[in-house]
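*Asks:* Got two chains here, separate frames each, mind docking them using the hints?
Protein chains in written order, with this note's numbering: chain A, 1 to 267; chain B, 1 to 364.
No lab work stands behind these hints, which were simulated from the structure alone.
Wrong hints could be hidden among the right ones.
Okay, the calculated beta carbon distance ranges per label pair [stated by the list, open to error]:
(1) G138(B) <-> I16(A): 39 to 47 Å
(2) D211(B) <-> L177(A): 35 to 43 Å
(3) D111(B) <-> T178(A): 15 to 23 Å
(4) Q234(B) <-> L177(A): 44 to 52 Å
(5) K257(A) <-> R105(B): 34 to 42 Å
(6) R105(B) <-> S109(A): 39 to 47 Å
(7) T18(B) <-> I16(A): 33 to 41 Å
(8) R56(B) <-> M21(A): 50 to 58 Å
(9) L177(A) <-> R56(B): 14 to 22 Å
Because the structure is a prediction, the values reported are computed rather than measured.
Note that CB positions come from ideal geometry on N, CA and C, so glycine has one too.
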Amino acid sequence: MDERFSGFGAFILYTITGGVMLFILAPLLLVMAVSVSDSYFVTFPPQGFTLKWYAKVLQDRDFLEAMRLSILLALGTTAGSLLFGVPAAFALVRGKFFGLGAIKGFLLSPLIFPALVTGLALLQVLTKLGSQDARLNLLIGHVVVTSPYVIRTVVTSLQLVDENLEDAARTLGANRLTTFWRVTLPQIASGVAAGGLFAFMVSFDNYPVTMWLANSEYSPVPLVLMRQLVNVFDPSVPAMSTIIILMAMVGVLLLEKLVGLRRALAA
Amino acid sequence: MRSSEVRLDRLVKEYNRTVAVDDVSLTIEPGHMVALLGPSGCGKTTCLRMIAGLIRPTSGDVFVNDKRMTNVPVHRRNVGMLFQNYALFPHLTVEENIAFGLEMRGISKADAARKVGDALNLVQLSSFGKRYPAQLSGGQQQRVALGRALVIEPAMLLLDEPLGALDKGLRESMQVELRALQRRLGLTTVMVTHDQDEALTMADKIVVMRDGKLEQVGSATEIYQRPTSKFVAQFIGASNLFEGPIEQRNGSGALVRVSPELSLQVDQIPQSASDVMVSIRPEAIVVERVGQSPAAQRVNSVTARVDQAIYRGFVSHYYLKTPSGGQIIVFEQNQSQQAGLRYAVGEEVVARWESPSNHVIARH
Numbered sequence: 001m002d003e004r005f006s007g008f009g010a011f012i013l014y015t016i017t018g019g020v021m022l023f024i025l026a027p028l029l030l031v032m033a034v035s036v037s038d039s040y041f042v043t044f045p046p047q048g049f050t051l052k053w054y055a056k057v058l059q060d061r062d063f064l065e066a067m068r069l070s071i072l073l074a075l076g077t078t079a080g081s082l083l084f085g086v087p088a089a090f091a092l093v094r095g096k097f098f099g100l101g102a103i104k105g106f107l108l109s110p111l112i113f114p115a116l117v118t119g120l121a122l123l124q125v126l127t128k129l130g131s132q133d134a135r136l137n138l139l140i141g142h143v144v145v146t147s148p149y150v151i152r153t154v155v156t157s158l159q160l161v162d163e164n165l166e167d168a169a170r171t172l173g174a175n176r177l178t179t180f181w182r183v184t185l186p187q188i189a190s191g192v193a194a195g196g197l198f199a200f201m202v203s204f205d206n207y208p209v210t211m212w213l214a215n216s217e218y219s220p221v222p223l224v225l226m227r228q229l230v231n232v233f234d235p236s237v238p239a240m241s242t243i244i245i246l247m248a249m250v251g252v253l254l255l256e257k258l259v260g261l262r263r264a265l266a267a
Numbered sequence: 001m002r003s004s005e006v007r008l009d010r011l012v013k014e015y016n017r018t019v020a021v022d023d024v025s026l027t028i029e030p031g032h033m034v035a036l037l038g039p040s041g042c043g044k045t046t047c048l049r050m051i052a053g054l055i056r057p058t059s060g061d062v063f064v065n066d067k068r069m070t071n072v073p074v075h076r077r078n079v080g081m082l083f084q085n086y087a088l089f090p091h092l093t094v095e096e097n098i099a100f101g102l103e104m105r106g107i108s109k110a111d112a113a114r115k116v117g118d119a120l121n122l123v124q125l126s127s128f129g130k131r132y133p134a135q136l137s138g139g140q141q142q143r144v145a146l147g148r149a150l151v152i153e154p155a156m157l158l159l160d161e162p163l164g165a166l167d168k169g170l171r172e173s174m175q176v177e178l179r180a181l182q183r184r185l186g187l188t189t190v191m192v193t194h195d196q197d198e199a200l201t202m203a204d205k206i207v208v209m210r211d212g213k214l215e216q217v218g219s220a221t222e223i224y225q226r227p228t229s230k231f232v233a234q235f236i237g238a239s240n241l242f243e244g245p246i247e248q249r250n251g252s253g254a255l256v257r258v259s260p261e262l263s264l265q266v267d268q269i270p271q272s273a274s275d276v277m278v279s280i281r282p283e284a285i286v287v288e289r290v291g292q293s294p295a296a297q298r299v300n301s302v303t304a305r306v307d308q309a310i311y312r313g314f315v316s317h318y319y320l321k322t323p324s325g326g327q328i329i330v331f332e333q334n335q336s337q338q339a340g341l342r343y344a345v346g347e348e349v350v351a352r353w354e355s356p357s358n359h360v361i362a363r364h
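In isolation and in its complexed conformation, chain B is listed as follows (with noise of 0.2 Å):
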C-alpha cells in the first residue's frame, strides 16, 4: 500500500462566526500515525473531518502528496475511516458491509470476493462473514469497520475515537493491534482521540489542540516530557506546577523561589525571564520519612504532610501538603512484597527531586 504525505494549509472553520478550527497548519509524513488529541469541543474532529472532505473548510487547504484536494469530493477522496459507533450498515451482513466500497468502484464480483475474503483474515472475522452487524460484539464491529475501510486501499486512514465505546481491556489490545497493523501497512493514519493513553500509546506524533489552535506538536515523550504550555502539562498526566521569580541566576540556569521553604533549581533558562514557571511530574518525586533522610534543603526538596493517600496496585498516589499551604502530588510505584501504602494520612515526610525534572513552561 503506497503511502501519503497529508498536508493541512492554515485550515479555518467557522459556523455562525463561532470559529472552531483557527488557522491549523500541520503536515503528516507518510505512513506516519498522528493524533489530534484535545477536550471536547478543541476542533479535532471538526479537523479529521476537513481532511476526509465531510466539511468544507472556510478557508485554507488539505494536500494530499502535494496534491490539492479541498474541492475534491469525499467519495473520491480514497479515505478509510473509522468511527466512534462504528457505523456499519445494519440492513447488510459483514461481508456486503466490506463489499460496498469495492461496488462503489466498479471492481467485479470475484475479484471483489476475493478482496473481502483477504480483509475478513486480515481482521480476523473469517467465519463472520454471513453475519449482520447486530450479531457482532462491538470490538468485532470495528474489526468489520476497519476491514471495510481496509479494502478500498485508502490514501490515509482517518479515526474519528474509535476505540472509545469499547471497554478499557478490549481497547488497550485493539490499541496494540491497531497500530501494529498500521505500522506493517505503512498507512498514513489520522486519529482523534479525547483519550492521552491512547494518544500516547498509539501515535508517532502527537497534536495537542485547544480552541480550535495547534497548542503543541511533537513525539509523545517531547509532549509528555517537555510541555511548552500550561495547559499541555495539565492535559498530558498530571503536573506540580510552580511559579516564582528568579531568586539567583547561576550560569545558564537559576534559582526560582516558590516560597519561603521551597526552591527549584532549573538548568535551563531564558535570560529575558523572570517569573517563571516550572512543571514537575509526579513520578520524579522521591518520598522519605523524616529522619530517615537528609533534612530538606530547600532546594528542590520540601517537608510536607500526607494530605491524602491512594492505593492503585502498582502505583500509590500521595497528596502532600507544604507548611505554606502548597500541594504536590507525587506517584510512587509499589514494590511487588510492599504491604499497601507506604505512607499514612499526616505523616510528616521529605520530598525530594533532581534538578533535571523541573521544567520550565515557556507559556503560562
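So that you can see chain A by itself, here it is in the shape it has in the complex (with noise of 0.2 Å):
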C-alpha cells in the first residue's frame, strides 16, 4: 500500500477517500449530536449536554414495543430468507437445468422493482388469500425482500467453492446433505453471515414495504419513527435513530469478529 501511493498519489487517495467517508458518515455523525442536544428541537449545533431524550425513548412503551417488534421481524425474516435463500443459491450455482438465468433473474428481481410496488402487489395477494395477521405478512414481505440479498452474497461465495471438495466428501461416503454441512457450509460461512446481516438490516429499517403490510396494532420502528417525525420532531427521534445505528455498529463487528465479514463482502 504505502509502496504503490506515495506523495501526490497518496494524498489524492486519502483526500478522496476521506471525502467520501465524510459525505456518508457526516449524516449519521449530525443526527448522533442533535440527540444529545438540551433543548426542545432538533437544532444545529446542538445546545448543551443531555441523555434525558434517551431516557424518555427508553420508557416510551411505543418504541419498545416497536423495537421489539422489528428485532424479531428482522430475525425471522433473517432465518427466513437464509432458509429460502441458501438452497436457491445452490441450486442457481450448482444447478444445470434449462431456465437456470430466468430463474436467477426472477430470483434476484426484488432487488430491481420498486419496493413500494412490491409491498403493494405483496398487500393485495395476502389480502386475497385471506391473510390477516400482520406480523406474518410482515414477515413474509420482509422475505420476499431480503432473500435476493442472500443469494447475491450466497452465490458469490459458491462460486468460489471447488466443487471437487464436494466431490471428494461423496467418493469418502458422504451424502448430498451431509456433504452440504459438513463441506461446502463451513467455506461459504462468510458470505452466509454477510447475506444474513443484510437480511437483518434491510428488514429492520425497511420503509415502503412495511408501510402497506403493518397495522396500528404492529407497527415496527421505522414506521414509529415517522410518525415520531411527523407529530413532534424533538431529539428523541434522533436519539431512537443513534440507537438504531449503534445496534447496526455492533452487529457489523461482531460478524467481522465472527466470520470474517470483510472477506466475504470483498468477494
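*Replies:* Next up, the structure:
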C-alpha cells in the first residue's frame, strides 16, 4: 500500500477516501450530535449536553414495543431468507437445468422492482389469500425483499468453492446433505453471514414494504419513527436513530470478529 | 486389502447431443493400474467420473466384481479418489481430513484415531496431523489426499491427474512412490492423465482415448512399439511416419516405396494391403557422416542434410531433410565424454535403420 501510493498519489487517494467517508458518515454523526441536544427542538449545532432524550425514549412504551417487534421480525426474516436463499443460491450455482438464467433473474428481481410496488402487490395478494395477521404478512413481505441479498452474497461465495471438495466428500461416503453441512457450508459461512446481516438490516429499517403490511397494532420501528417525526420533532427522534445506528455497528463488528465479514463482502 | 475387478460395459455419456464418451468397454483386472491417456476433451475424465459414480452414464454399465454399480450412489461405492488440486477440506486439519471418511462410516473414535495414525505413517506425514492443508506443500497435500483415500480401504483407487500440479522432479518421484504403494497394496487403480510419461511409468495397461472412443488398449511396450493407429503413433512419443505403395512383395513382407531415394523393407504385411503407412521411432535410426559409412542403399537408408540439431543433455535431436523434402527425426543418445552435438546443421549424413523398426500402422 505504502509503496504503491506515495507522494501526490497518496494525497489524492486519502483526500478522496476521506471525502467519501465524510459524505457517508456526516449525516449519521449529525444525528448523533443533535440527539444529546438540551433543547426541545432538533437544532444544529446542539445546545448543551443531555441524555434525557435517551431516558425518554427508553421509557417510551410505543418505541420499546416497536423495537421488540422489529428485532423479532428481523430475526425471523433473517432465518426465513436464509432458509429460502441458501438452497436457491445452491441451485443457481450448482444446478444445470433449463431456464437457469430466467430463474436467477426472477429471484433477484425484488432488488430491481421499486419496493413500493412490491409492497402494494404483496398486500393485494395476501389480502386475497385472506391472511389477516400483520405479523405474518410482514414476515412474508420482508423475506421476499431480503432474500435477493442472501442469494447474491451466497452465490458469490459459492462460486469460489471448489466443486471437487464436494466430490471428494461424496467419494468418502457423505451423501449430498452431509456434504453440504460438513464441507460446503463451512466454506461459504462468511457469505451466509453477510447475507444474513444484510437481511437483518434491510428488514430492520425497511419502510416502503412495511408501510403497506403493518397495521396500528403491529408497527415496526421505521413506522414509529416516521409517526414521531410528523407529530413532535424533538431530539427523541435522533436518539431513537442513534440507538439503531449503534445496534447496526455492534452487529457488523460482531460478525467481522466471528466470520470475517470483510472477506465475504470483498468477494 | 482385497482387489476388485472393474468392468465397463458399453458406457456412453452424452451432453446435449454431443457425445463425451462413446461406447467404451473395458475390463480392469484386480490389482492392476490402468491409465486412461489422451488429449483434453477425449472423455477420459468423464469415464473416470462414471466409474466413481459422480456422473451418471447415458447408457451402459459399470460392474465391480460382477456387481452392477450403475445405480449405486457415489457415497455407497467405496472408492478412493485423488484430484488434481488435492481437494482437501481447507477448514479441517490433516487428521480431520483423513478421519472424514471413517466418520461417515460410523467408525468409533478410538478405531478411527488408530487408523488415521496408520494412514499418516503410510504417507510419511506422521508429524503433520495437526496442521491445516494451507500449511503444507503441494506434494504433502497430495499425500494427505492419498492417506484420506486409502484409510477407508476402498474397493478401488481413482486418480484424476493426481500429480499434474507438481513440478517435474517431485512428480517423477511421486509417480514411482505411488506405483510402489499401489503394487504393495494390490489395489485396483484407474488413473487419468494426458502425460504419456506418467502413463508409461505407472500403468500396467494403457488405454489411449480419442474423441470419446478407445483408440488402443495395451501394455506400455505394446502401445509404444506397436501403435495400431497414426494417432497413437504420434501421441505416444515421436514418430517418423511414411506412406507409400507396395513396390514388390517378398515372402510375407514387402518393399514400400516412399520416395525415389527411399524404400522401406517391412517384414510382415497383410495380403490385402496396397498403400501402407509405416512408423519408425526416432531412436531406432542411426546417423553417420557421409564417407564414414557405406553409401545409402535406398532400402531403409537415405542420404539427408541436417536441418536442425538440438542438444538435450543425455540425448540429441536431429531433424534431417531428405533431397525430396521429407523430414526425418532422429534421437541419438549422447556419450558421457562427448563434446556437444556430433553433427552440425547443414552437414550431409546417412540415416539408416533395421527392418524390424519399420512398424506398419493398420489404421491411418
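*Asks:* Now look at each hint and say whether the structure bears it out.
*Replies:* We went through each hint and held it up to the structure:
1. G138(B) <-> I16(A): 39 to 47 Å: holds, 41 Å
2. D211(B) <-> L177(A): 35 to 43 Å: Holds, since D211(B) and L177(A) (Cβ atoms, about 38 Å apart) stay within the stated range.
3. D111(B) <-> T178(A): 15 to 23 Å: Holds, since D111(B) and T178(A) (Cβ atoms, about 20 Å apart) stay within the stated range.
4. Q234(B) <-> L177(A): 44 to 52 Å: Holds - the Cβ-Cβ distance for Q234(B) and L177(A), about 48 Å, lies within 44 to 52 Å.
5. K257(A) <-> R105(B): 34 to 42 Å: Given a distance of about 36 Å, which is inside 34 to 42 Å, the answer is holds.
6. R105(B) <-> S109(A): 39 to 47 Å: This hint holds: roughly 45 Å between Cβ atoms.
7. T18(B) <-> I16(A): 33 to 41 Å: violated, 51 Å
8. R56(B) <-> M21(A): 50 to 58 Å: holds, 54 Å
9. L177(A) <-> R56(B): 14 to 22 Å: holds, 19 Å
When each numbered hint is compared with the structure, a violation occurs for hint 7 only.
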